[in-house]
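Numbering (the numbering used here), first residue to last: 1 to 531.
What the hints contain is simulated information worked out from the structure, not anything from laboratory work.
Some clues are possibly wrong.
Unchecked claim - Below, computed lysine-lysine pairings styled on DSS-like, alpha-carbon distance capped at 27 Å:
(1) K360 x K347
(2) K14 x K68
(3) K483 x K428
(4) K112 x K134
(5) K14 x K483
(6) K92 x K172
(7) K14 x K76
(8) K428 x K92
(9) K108 x K14
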Amino acid sequence: MWSGSVANGPVSGKHGPLVGAVDQGTSSTRFLVFAAGTGEVLTYHQEEVAQLYPQEGWVEQDPMALLKSVLTCIEKTVENLRTLEIDPADIKAVGITNQRETTVVWDKRTGKPLANAVVWLDARTASTVEEVLKETPGQSQDYLRDLCGLPITTYFSALKLRWLLDNVKEVKQACDEGNLLFGTVDTWLLWNLTGALDGGLHVTDVTNASRTMLMNIRDLKWDPNLCKFFRIPMSVLPEIRSSSEVYGYITQGPLLGVPISGVLGDQQAALVGQMCLQSGQAKNTYGTGCFLLYNTGTQIVLSEHGLLTTVGYKLGKGAPTIYALEGSVAIAGAAVRWLRDNLNLIKNSADIEPLAKTVKDSGGVYFVPAFSGLFAPYWRTDARGTICGLTQGSTGAHLARAALEAVCFQTREILDSMQKDSGIVLNKLQVDGGMTGNNTLLQLQADIAGVPVARPSMTETTALGAAMAAGAAEGIAIWDLTKLTPLTTDDFTPSILPEELPTKTQTPTHRHPVTYNPIPHPNTSIIKTPT
């Protein structure tokens, strides 16, 4: 755990209204405080969170530990504010951003989890996916894409919830008795922070709901036929709200009574925080996984090249719904963590850069870190990691560099797919996330992708996006999203000749996104219910 006090010297009242942001990620939880409008980070606290691996391919977390980490981060950050002589009462709103798809189930009578959270990386549902695919025409992974924008794969929450209902008797019993509540991590935190058993709100936002496979991508409602397809009762699902509105008020801790008014899944929060608010803008986040989102505006673009269609954000009840194409890579920073924890190649994750810099290239070593299968654009749950090209001259440094190259090559594949779907070649890739402190990685990315890479000088863009949504909410209105100053960036430009780049995908002849006409609201004649 560590804390950071970013403001310099004792200050009081200089920063105006403040907004807090809970950033609950796969590897850590943070609570950051921003000056509304300017986006300056005043202070923060961070706690690492444990991942559990009870069986091969399984990845779990303790929901109570996640909640405790949030409460601790809030408490420690408030202590930091007092040390800096900043009044915590200046915090006028709190936003939440969270790891998406991770599935939590709990009993509404006791408030206790009925199982560990099944993390988005978890691959246990491979057999569930196989059974579901047997019920689809041609066993097509894309059978539901026109309804929810997503392929049938282990990644999404519906499959995880179905597995829990089928395999954990406590979950099935609670469901049969009408006591089961389901949510992604945002929902679990909101329910607890707004009262839990004493009136806690069972709510999610449209960005997180769009990652479940249960929400209709067009009307933004739980789709009864999708729920029927996965045999999930709608009674367990939270209410879907916009990403920016007052949901409720904190009922415990030092921020008692402060409204929670912004919720965004972490990658959508980074899209907002990077200020990619215009159609055609894109960002890539390098964290445990790697996620590239491309803003398609109010237009729903259904990918023909292995990408996802997702809700980008909806910043208010009456605001337009903004959609995005997404390319999801399961393993990015997790590969570095594997080198650290499993091979003991480095002591700290940051050591990967100096080690990789000791060699001029990977020496012909290639690393495919498909620990949980391959996500976009392949969606192969049966894929497994491999290292090839080893010789007697291969060293740990070559493997370290190959791990960084693996992240960049996977991103390049996503960029190629986005080019095919949209007909647009990006002239700049905006990046953020924990790995982007690695200059070697970003230079490799610029070289392999063949486009400039722009890293914001203020790297906390995920938390910033949640803070912006919270501060701009109706009834709060302390952050004007129509008056945003572009983030200053550190730029990395390609350093190799175009002919030395990996073969580029042929630019498509069409210049506009491929779209599909909306279909009528589905009924049982469109989706066959599994027997």
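### Query
Going straight from one Cα to the other, do K14 and K76 come out at no more than 27 Å?
Given that 27 Å is the threshold and the Cα spacing comes to 21 Å, the pair holds.
### Message
Checking one constraint from the list: CA of K428 to CA of K92, max 27 Å. Satisfied?
### Response
The hint is violated at about 35 Å.
### Message
What's the verdict on K108 and K14, does the C-alpha distance respect the 27 Å limit or exceed it?
### Response
43 Å, violated
### Message
Hint check: K14 vs K483, CA-CA at most 27 Å. Holds or violated?
### Response
20 Å, holds
### Query
Keeping to a limit of 27 Å between CA atoms, is the pair of K483 and K428 held or broken?
23 Å, holds
### Query
Between K14 and K68, is the straight-line Cα distance small enough, at 27 Å or below?
Judged against 27 Å, a Cα distance of about 31 Å means the pair is violated.
### Task
Could you grab the alpha-carbon distance between K360 and K347 and see if it respects the 27 Å cut-off?
At roughly 22 Å apart (the allowed maximum being 27 Å), K347 and K360 satisfy the hint.
### Task
Given the hint that K112 pairs with K134, test it: the Cα-Cα distance must not exceed 27 Å.
35 Å, violated
### Query
Is K92 within 27 Å of K172, Cα to Cα?
40 Å, violated
Checked against the numbered hints above, the structure breaks hints 2, 4, 6, 8 and 9 and satisfies the rest.
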